[in-house]
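Visitor: Each chain, letter by letter, is given below.
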Amino acid sequence: MAESKHPAAVGEGAPVIEPGYTFGTVTDKISSIVLTRPTSNGWFFGFGVAFLLTMMMLFAIAYLFARGVGIWGINIPIGWGFAIVNFVWWIGIGHAGTLISAILLLLRQSWRNSINRFAEAMTLFAVACAGMFPLLHMGRPWLAYWLFPYPNTMNYWPQFRSPLVWDVFAVSTYATISFLFWFVGLIPDLATLRDRSTNRVAQIIYGMLALGWRGSARHWHRYETAYLLLAGLATPLVLSVHTVVSFDFAVAIVPGWHTTIFPPYFVAGAIYSGFAMVLMLAIPIRKVYGLEDFITERHLQNSAKVMLATGLIVAYGYAIEAFMGWYSGNRYDAFTLWNRLHGPYAPCYFALLACNIFVPQLLWIRKLRTSPVALFLISGVILVGMWLERFIIVVVSLHRDFLTSSWGMYYPTRWDWMTYIGTIGMFLAAMFLFVRILPMISIFEMRTLLPEAEVKE
Amino acid sequence: MKRTPVYGMMAEFDSAQLLVDAAQRAHEAGYLKIDAYSPFPVEGLAEAMGFHKNRVPLVVLIGGLLGGLSGYALQYWISAVSYPINVGGKPYHSWPAFIVVTFEMTILFGGISAVFGMLALNGLPMPYHPVFNVPRFAFATRDRFFLIVFSSDPKYNPVETRRFLESLAPRSIAEVPS
Numbered sequence: 001m002a003e004s005k006h007p008a009a010v011g012e013g014a015p016v017i018e019p020g021y022t023f024g025t026v027t028d029k030i031s032s033i034v035l036t037r038p039t040s041n042g043w044f045f046g047f048g049v050a051f052l053l054t055m056m057m058l059f060a061i062a063y064l065f066a067r068g069v070g071i072w073g074i075n076i077p078i079g080w081g082f083a084i085v086n087f088v089w090w091i092g093i094g095h096a097g098t099l100i101s102a103i104l105l106l107l108r109q110s111w112r113n114s115i116n117r118f119a120e121a122m123t124l125f126a127v128a129c130a131g132m133f134p135l136l137h138m139g140r141p142w143l144a145y146w147l148f149p150y151p152n153t154m155n156y157w158p159q160f161r162s163p164l165v166w167d168v169f170a171v172s173t174y175a176t177i178s179f180l181f182w183f184v185g186l187i188p189d190l191a192t193l194r195d196r197s198t199n200r201v202a203q204i205i206y207g208m209l210a211l212g213w214r215g216s217a218r219h220w221h222r223y224e225t226a227y228l229l230l231a232g233l234a235t236p237l238v239l240s241v242h243t244v245v246s247f248d249f250a251v252a253i254v255p256g257w258h259t260t261i262f263p264p265y266f267v268a269g270a271i272y273s274g275f276a277m278v279l280m281l282a283i284p285i286r287k288v289y290g291l292e293d294f295i296t297e298r299h300l301q302n303s304a305k306v307m308l309a310t311g312l313i314v315a316y317g318y319a320i321e322a323f324m325g326w327y328s329g330n331r332y333d334a335f336t337l338w339n340r341l342h343g344p345y346a347p348c349y350f351a352l353l354a355c356n357i358f359v360p361q362l363l364w365i366r367k368l369r370t371s372p373v374a375l376f377l378i379s380g381v382i383l384v385g386m387w388l389e390r391f392i393i394v395v396v397s398l399h400r401d402f403l404t405s406s407w408g409m410y411y412p413t414r415w416d417w418m419t420y421i422g423t424i425g426m427f428l429a430a431m432f433l434f435v436r437i438l439p440m441i442s443i444f445e446m447r448t449l450l451p452e453a454e455v456k457e
Numbered sequence: 001m002k003r004t005p006v007y008g009m010m011a012e013f014d015s016a017q018l019l020v021d022a023a024q025r026a027h028e029a030g031y032l033k034i035d036a037y038s039p040f041p042v043e044g045l046a047e048a049m050g051f052h053k054n055r056v057p058l059v060v061l062i063g064g065l066l067g068g069l070s071g072y073a074l075q076y077w078i079s080a081v082s083y084p085i086n087v088g089g090k091p092y093h094s095w096p097a098f099i100v101v102t103f104e105m106t107i108l109f110g111g112i113s114a115v116f117g118m119l120a121l122n123g124l125p126m127p128y129h130p131v132f133n134v135p136r137f138a139f140a141t142r143d144r145f146f147l148i149v150f151s152s153d154p155k156y157n158p159v160e161t162r163r164f165l166e167s168l169a170p171r172s173i174a175e176v177p178s
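Going down the list, the protein sequences come from chains F and B.
By the numbering used here, the letter at position 141 of the first sequence is numbered 141, and the numbering carries on one by one without gaps.
By the numbering used here, the letter at position 40 of the second sequence is numbered 40, and the numbering carries on one by one without gaps.
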């Protein structure tokens, strides 16, 4: 799907940027959201609610530290519970940001230029939420640094044959690279804010963050090389992260986990839920800040198409899981399938099939793909579905394994829910702050989309 | 006004096309120490000034190799030398299990080298630079394009250089105080 650099010339679908904009008006429109637009009551209300939820999370965590993981619903045989469900859910959501900023950059999909910045911010905040869960789950979170190989007086080192140690490296690399990628993309825009702002304090802060960027041609030359190389490095990285997360399950011998389909099916599911989150953020943001000219119908449609495609890969994953349960002749795998359909958690499995497979088929209809309200609702359904998928994988596989004597049930407690809902609050609070103090659309990349940016040799 | 040493002569242009043409002509006219400023990366601008290759890829290659090698060496030394433990009868040096961390360390070091290598080669962060003394330069991050001839250029001459820049149809010309 190679496209010309200037999508206004492309016939198919709506333009990626409405005609009539110049370098100046694009710059002013995006920077004014941060610099001159008064902070609305709606922003204070939304941030306030998100902030209260964050406080609730901190309360739940404080109580957890005081009492230990016994306040959660976890026990043998279900030792993983909400913490791991939420960890996988959040980190999956983050994957869409890297896909948009790195993979679509390498594929020259220039429509990404107006959604990559806040998708990358979404990645960062989602990874921050994800990263907390394994630490909270450890029982003694103050010893979290034992995960890293460092010389110590115990003469003790991590065990590098374990996927859980691989996960430490994968997730911490992912968080670092995502932050660097996001920050490098911000540097030229921070320089714009430094030069546009009239407030002395803002000038100093943006000025320091912009590192003295002045847009020299030699700097741009190295900048573009570095940006492209970062994208090239982030692309295999993002695929590896969810692959390694799936190894946490697939390397174990628990029926329902021990399968080779997991890596591709986890990566597809991650992108699926990530695009749903991108849409759930983009649709209200473009409406509230009047950015329909930059985040157009075309962006919504393309995101919907990505969801449809990855949703079908996920459906294929479910089908293969069910097929292998029967075809392998392994009675434990067969029982896992039976237990999903008829066991105590069967309603979750049917809800999962409805949310992840049946409802998203509505996206075949063009009218719904271009309707912000419909897309917002379908995205919400997909996010619920992807959360249920991880619940099925973690809880339903663990609760009935090989021996009937070790079967059990898992019921989340209020502390499980408070921590989970609290991270959603923390994520939203961070997003509210982000749209208020940083340009949520990449200004310099939007300039390159304008026809006047074209230079003849 | 107090006389200050001159850093260079700067011309302001309205479009990317004009800037590329101007940079090309300045390069052809024999000016060696020039630079161009634009609000977004302009294709062919660096090449027009005779700047073709940068060393960022080399830095990233070295960083990535270093990361991969140190990642593997770390795991080998820990698992086979310093703290050998028998896990399910697997060899101490079980290399297939070490691939994931080696890969992640390659990406981590490569990415960090890309960012810090780019910043270091660009000489950033640099809080002060003489070009910011020109008030109109604030538009270099909005919608204007600038070409500067540094006073350290052997061909630099306040009169000649100004005349040359005027021939490029700029919007304005300013002397940059150092």
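Incorrect hints may have been included.
To give a feel for the contact side, a few chain B residues facing chain F, derived at Cβ under 7 Å [what the hints assert, rightly or not]: (1) Leu32; (2) Ala36; (3) Asn54; (4) Leu58; (5) Leu124; (6) Pro127; (7) Pro130.
Covered by chain F, according to a simulated footprint, are these stretches of chain B (three or more residues, beta-carbon under 8 Å) [claimed, not checked]: (8) 15-26; (9) 159-166.
Straight line, CA to CA, 30 Å or less: simulated DSS-like cross-link-like pairs of lysine-lysine [claimed, not checked]: (10) F:Lys456 to B:Lys90; (11) B:Lys155 to B:Lys53; (12) B:Lys155 to F:Lys305; (13) F:Lys29 to B:Lys33; (14) B:Lys155 to B:Lys33.
If you're looking for bench data, these hints aren't it; they were derived computationally from the structure.
Here a beta-carbon is modelled for each residue, glycine too, at the ideal position from N, C-alpha and C.
Visitor: Decide, hint by hint, whether the structure agrees.
Guide: Status of the hints after comparison with the structure:
| no. | hint | verdict |
| --- | --- | --- |
| 1 | Leu32 | 13 Å, violated |
| 2 | Ala36 | 4 Å, holds |
| 3 | Asn54 | 5 Å, holds |
| 4 | Leu58 | 10 Å, violated |
| 5 | Leu124 | 5 Å, holds |
| 6 | Pro127 | 5 Å, holds |
| 7 | Pro130 | 10 Å, violated |
| 8 | 15-26 | holds (count 5) |
| 9 | 159-166 | violated (count 0) |
| 10 | F:Lys456 to B:Lys90 | 62 Å, violated |
| 11 | B:Lys155 to B:Lys53 | 24 Å, holds |
| 12 | B:Lys155 to F:Lys305 | 58 Å, violated |
| 13 | F:Lys29 to B:Lys33 | 36 Å, violated |
| 14 | B:Lys155 to B:Lys33 | 9 Å, holds |
Consistency with the previously given hints fails for numbers 1, 4, 7, 9, 10, 12 and 13, ordered from lowest to highest.
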